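Protein chains: 2
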Amino acid sequence: MSLTLATTLHRCKPSILVHLAISPPKPLLIANPVEAGLFPILLFLHGFLLENSFYSQLMQHIASHGFIVIAPQLYKLPKTDASDEIKSTAAITNWLSEGLSKLLPQNVKPDLSKLALSGHSRGGKTAFALALKKLNTSTTLNFSAIIGVDPVDGLGKAVQISPPVLTFSPHSFNFNMPVLIIGSGLGEVQRNPLFLACAPKGVSHEEFYSECNKPAWHFVAKDYGHFDILDDVTKGILGKSTCCLCKNGNSRKPMRSFAGGVIVAFLKGYLKGDNSDLLAIRDKRLVAPVDLQIEYSV
Amino acid sequence: MSLTLATTLHRCKPSILVHLAISPPKPLLIANPVEAGLFPILLFLHGFLLENSFYSQLMQHIASHGFIVIAPQLYKLPKTDASDEIKSTAAITNWLSEGLSKLLPQNVKPDLSKLALSGHSRGGKTAFALALKKLNTSTTLNFSAIIGVDPVDGLGKAVQISPPVLTFSPHSFNFNMPVLIIGSGLGEVQRNPLFLACAPKGVSHEEFYSECNKPAWHFVAKDYGHFDILDDVTKGILGKSTCCLCKNGNSRKPMRSFAGGVIVAFLKGYLKGDNSDLLAIRDKRLVAPVDLQIEYSV
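Residue numbers (my numbering), protein chains in the order written: chain A, 1 to 298; chain B, 1 to 298.
The set of hints was computed from the structure by calculation and includes no laboratory data. Treat the hints with care, since some could be wrong.
Identical copies look the same in the list; a pair holds intra-copy or inter-copy alike.
[Said to hold, decoys possible] Using 27 Å as the maximum straight-line C-alpha spacing, the simulated BS3-like pairs for lysine-lysine come out as follows:
| no. | residue 1 | residue 2 |
| --- | --- | --- |
| 1 | LYS102 | LYS87 |
| 2 | LYS87 | LYS109 |
| 3 | LYS76 | LYS102 |
| 4 | LYS13 | LYS222 |
| 5 | LYS133 | LYS157 |
| 6 | LYS79 | LYS284 |
| 7 | LYS79 | LYS157 |
| 8 | LYS133 | LYS76 |
| 9 | LYS134 | LYS76 |
| 10 | LYS133 | LYS201 |
| 11 | LYS201 | LYS79 |
| 12 | LYS235 | LYS253 |
Nothing here was measured: the structure is a model prediction, and the numbers come from that model.
When you get a sec, could you build the whole thing from the sequences and use the hints?
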């Protein structure tokens with residue numbers, strides 16, 4: 001019996017150590033600058049019945065300004081309850097310090113001390129639920145800012161998705177971080193009498209903003225709809241449905257460009273200490289590509 | 001309006017290109033040698049109600065002999081039908097060439113031309129279903145060898161899991177690659193009258209082997225059970241259940257060591273062109289840690 005054979009059948013070969021790696025708990029789409037550097041991170045949660053890839057243009061816009069944008073695919077078929085999505089988001093957050101740098105080009109480094117949380121539609125609700133520790137889910141990394149892109153908490157005040165986030169009490173959100181809420185003016189409009197509005201009034205951006213504390217920013221693009229931040233082309237059955245479920249604007253590009261731009265301005269302000277773009281948007285020194293209503297409390 | 005502002009709100013910043021990365025379609029556990037080199041790959045599919053982490057000792061044993069072992073978590077709650085698992089395995093296979101090297105240490109290179117497919121229990125069935133193109137699912141990489149570790153195709157001849165793999169006709173497997181089938185002698189024994197056997201006779205290792213063509217190897221560890229290739233300690237509700245659902249041997253280590261060793265010997269033979277260990281096991285020049293029945297057709 002040779003040593004080689006005994007080693008093969010009985011135990012690990014001592015000359016080669018083994019490394020065990022764990023990939024992310026959910027599939028991720030990642031947009032990152034190719035330029036070398038240390039960049040803040042934005043975790044972005046997709047909306048109901050949507051795929052992370054539908055946000056690729058928005059993600060690339062944000063990433064091109066020096067951010068690493070990470071969009072998990074939280075589910076394909078959602079449950080009524082959002083608990084699994086919240087837990088998955090926490091698990092992904094906890095995985096970042098262990099695994100993210102392995103998925104990036106070698107000279108692109110994630111700055112784990114500058115992490116923002118965001119989501120669109122139901123993903124916005126999930127982001128706030130995690131930030132508010134609604135399930136007592138803790139994360140090993142702290143979030144420094146939170147963004148809701150047309151966030152929605154259910155079908156109406158009496159039909160919130162569990163766990164509910166909105167309390168209908170002003171300034172009730174008891175976390176300590178700056179907030180950006182982006183709203184779509186047409187989100188609360190029914191496309192036709194057969195469909196519900198995609199972002200029903202009462203459980204959408206206005207109510208989310210009203211429950212925030214300082215500092216908080218609220219930008220509403222009046223003539224655009226709930227899906228107008230998505231890619232121009234979204235494939236598959238789910239992708240095709242985005243044409244027709246919501247009341248949308250005439251084209252997605254202006255709303256998507258604005259959303260990407262104001263997210264960049266907000267993150268530059270609160271994660272990079274340069275609020276010049278955010279103030280210029282507020283003061284309308286820049287003509288935005290969409291008609292805007294602006295509120296803020298700083 | 002400064003250029004910076006216009007850039008922020010309207011479009012991607014031209015000076016930083018963006019890279020979009022896609023992480024694996026399912027979470028993966030990966031065991032790889034830390035030593036530098038180019039290594040063959042073994043894709044390993046977990047069994048019914050089991051987690052990929054339950055195989056960490058087996059995976060590390062195999063990896064330590066110079067292989068990259070990749071175990072996806074295909075599901076937590078399985079469906080009756082195995083179609084999703086087969087499609088996910090194909091998707092993971094297709095992702096390997098794009099993403100695997102990013103998850104490995106820099107000097108550990110995957111040899112995509114030497115890829116083997118394997119699985120335990122229901123995972124073994126899934127592996128064969130993919131190799132047999134049961135759903136007409138094709139992969140961009142070819143498999144060079146296949147391994148079933150106590151594979152099971154349902155509860156009995158009349159209760160196969162869809163899509164069925166076994167045809168009950170000898171030598172029906174019409175793929176062209178070497179096969180290793182590892183069986184557990186106690187897998188077909190009911191632990192008590194309340195439970196079904198974990199690997200019921202008729203849809204288990206014997207039938208899988210009988211439907212193979214040359215070259216094929218069949219090793220059965222007589223006094224060990226269906227779960228005896230798992231880690232000594234398996235956590236959580238699912239992990240704890242592995243103590244008591246199947247008729248098992250007295251300890252897992254001998255069976256797990258044998259399974260790891262014979263997988264290494266088989267892969268060395270067919271992927272690395274060195275069949276010395278495999279022949280030594282066949283000829284009993286090595287005392288295996290378990291009592292063996294051996295069949296082969298080469």
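Against the structure, the hints:
no., hint, in the structure
1, LYS102 / LYS87, "both (23 Å within a copy, 26 Å between copies)"
2, LYS87 / LYS109, "within (26 Å within a copy, 34 Å between copies)"
3, LYS76 / LYS102, "both (25 Å within a copy, 25 Å between copies)"
4, LYS13 / LYS222, "between (66 Å within a copy, 26 Å between copies)"
5, LYS133 / LYS157, "within (21 Å within a copy, 50 Å between copies)"
6, LYS79 / LYS284, "neither (42 Å within a copy, 55 Å between copies)"
7, LYS79 / LYS157, "within (19 Å within a copy, 35 Å between copies)"
8, LYS133 / LYS76, "both (24 Å within a copy, 24 Å between copies)"
9, LYS134 / LYS76, "both (23 Å within a copy, 24 Å between copies)"
10, LYS133 / LYS201, "within (25 Å within a copy, 50 Å between copies)"
11, LYS201 / LYS79, "within (23 Å within a copy, 38 Å between copies)"
12, LYS235 / LYS253, "within (17 Å within a copy, 49 Å between copies)"
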